[in-house]
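Colleague: Residues 3 to 202 (the working numbering) are what the sequence shown spells out, left to right.
Simulated from the structure, these hints should not be mistaken for lab results.
C-beta: ideal position from N, C-alpha, C; glycine also.
Just to be clear, a hint being listed does not mean it is correct.
With a Cα cut of at most 20 Å, we get these calculated SDA-like pairs of lysine to any residue [claimed, not checked]:
{"hint": "1", "residue 1": "Lys173", "residue 2": "Val199"}
{"hint": "2", "residue 1": "Lys173", "residue 2": "Ser138"}
{"hint": "3", "residue 1": "Lys75", "residue 2": "Phe93"}
{"hint": "4", "residue 1": "Lys155", "residue 2": "Lys173"}
{"hint": "5", "residue 1": "Lys150", "residue 2": "Phe93"}
{"hint": "6", "residue 1": "Lys150", "residue 2": "Leu163"}
Derived DEER-like restraints, expressed as beta-carbon distance ranges [what the hints assert, rightly or not]:
{"hint": "7", "residue 1": "Ser40", "residue 2": "Gly198", "range": "31 to 41 Å"}
{"hint": "8", "residue 1": "Pro101", "residue 2": "Asn177", "range": "44 to 54 Å"}
{"hint": "9", "residue 1": "Gly39", "residue 2": "Gln70", "range": "14 to 24 Å"}
{"hint": "10", "residue 1": "Ser81", "residue 2": "Met111", "range": "44 to 54 Å"}
{"hint": "11", "residue 1": "Ser146", "residue 2": "Leu63", "range": "34 to 44 Å"}
{"hint": "12", "residue 1": "His48", "residue 2": "Lys103", "range": "33 to 43 Å"}
{"hint": "13", "residue 1": "Asn177", "residue 2": "Leu63", "range": "45 to 55 Å"}
{"hint": "14", "residue 1": "Ser183", "residue 2": "Gln71", "range": "32 to 42 Å"}
{"hint": "15", "residue 1": "Pro166", "residue 2": "His48", "range": "49 to 59 Å"}
{"hint": "16", "residue 1": "Leu163", "residue 2": "Ala46", "range": "55 to 65 Å"}
{"hint": "17", "residue 1": "Gln71", "residue 2": "Asp200", "range": "24 to 34 Å"}
{"hint": "18", "residue 1": "Thr167", "residue 2": "Met66", "range": "51 to 61 Å"}
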Amino acid sequence: MTKIPRIAIVDPNTLAVLGLTGLLESVMPMLQVDSFGSFAELEANHPEQYYHYFVDVRIVLANMAFFQQMRHKTIVLSSSAADDMAVLSSFHTICTNQPPKQLLRSLLMLEQHAHAKGRNLPPVVPAETNVSTPLSTREIEVMSLVVKGYINKEIADRLSLSLPTIITHRKNLMNKLGVHSVSALTIYAVMHGYVGVDEI
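Sequences and hints are given; from them, build the entire structure.
Modeller: So this is what it looks like as C-alpha cells:
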C-alpha cells in the first residue's frame, strides 16, 4: 500500500485556507491537504507526518523554534513581500497578496523546484487521466498560447486560423480535460510539460 503525501495548511483565515487547498489539490492532485486554524491544532495532529506546512507568517513567528527546525518543510504565507524578511530569510515564502495568476505561478515554481516528476515524494500510484481522447497537435498549440496569456484573436493570428476555429479548439480542450478555467488549464499544461513555469 502506497503512502499518500500530506500537506498541512496552518492559517486562521478560513477563506484563504479554502482557496489555497483548491490550488494545491490542482497543482499536486496526489496529495492530501489538511487544514488547521492554529499551531496547537497542528501540534495535536502528529505534525511529523506532513511533507510541507503552508503557514501564516504570524504563526511561524510565534512558534519559531518548531518551524526553524522544519524550515525545509515550511512555506511561509505572507501578505507582504516585506513581512519580517530578515527573520524569515531562511524560509520559502509565498506572498498571498498578489494576482491569482502570479500566486499560481509561485506555487507551480515551488512544486517544480522541489518535486518535479515526483522527486522527494513517496512513490504513488498515478491517478487515472481524465483525457479519454488524446489532445491533437493543434489543441496543444492553442493550449500553450492560452496559458502564455494570448487572447483568442492573437492566437488566431499566430496560428493563421479563424477566430471561430480557435474558440472551438478552446471549447474542445476544456471538455477533453474536464477543466473550467484558464488557471486549471495552466496547471495541466505545466504539470504535463507542455509549457514551462517561466513561460506563464
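Colleague: Could you run down the list of hints and mark each one as holding or not?
Modeller: Outcome of the hint check:
1. Lys173 <-> Val199: Violated, at roughly 23 Å.
2. Lys173 <-> Ser138: With Cα atoms ~13 Å apart, Lys173 and Ser138 stay inside 20 Å; holds.
3. Lys75 <-> Phe93: holds (9 Å)
4. Lys155 <-> Lys173: holds (15 Å)
5. Lys150 <-> Phe93: The hint is violated at about 29 Å.
6. Lys150 <-> Leu163: holds (18 Å)
7. Ser40 <-> Gly198: 31 to 41 Å: About 38 Å separates the Cβ atoms of Ser40 and Gly198, which means 31 to 41 Å holds.
8. Pro101 <-> Asn177: 44 to 54 Å: At 27 Å between Cβs, range violated.
9. Gly39 <-> Gln70: 14 to 24 Å: holds (22 Å)
10. Ser81 <-> Met111: 44 to 54 Å: Violated, at about 19 Å.
11. Ser146 <-> Leu63: 34 to 44 Å: Cβ of Ser146 to Cβ of Leu63: about 41 Å, so the range 34 to 44 Å holds.
12. His48 <-> Lys103: 33 to 43 Å: holds (35 Å)
13. Asn177 <-> Leu63: 45 to 55 Å: Because 46 Å falls inside the window, the suggested range holds.
14. Ser183 <-> Gln71: 32 to 42 Å: holds (38 Å)
15. Pro166 <-> His48: 49 to 59 Å: holds (55 Å)
16. Leu163 <-> Ala46: 55 to 65 Å: holds (57 Å)
17. Gln71 <-> Asp200: 24 to 34 Å: holds (32 Å)
18. Thr167 <-> Met66: 51 to 61 Å: holds (56 Å)
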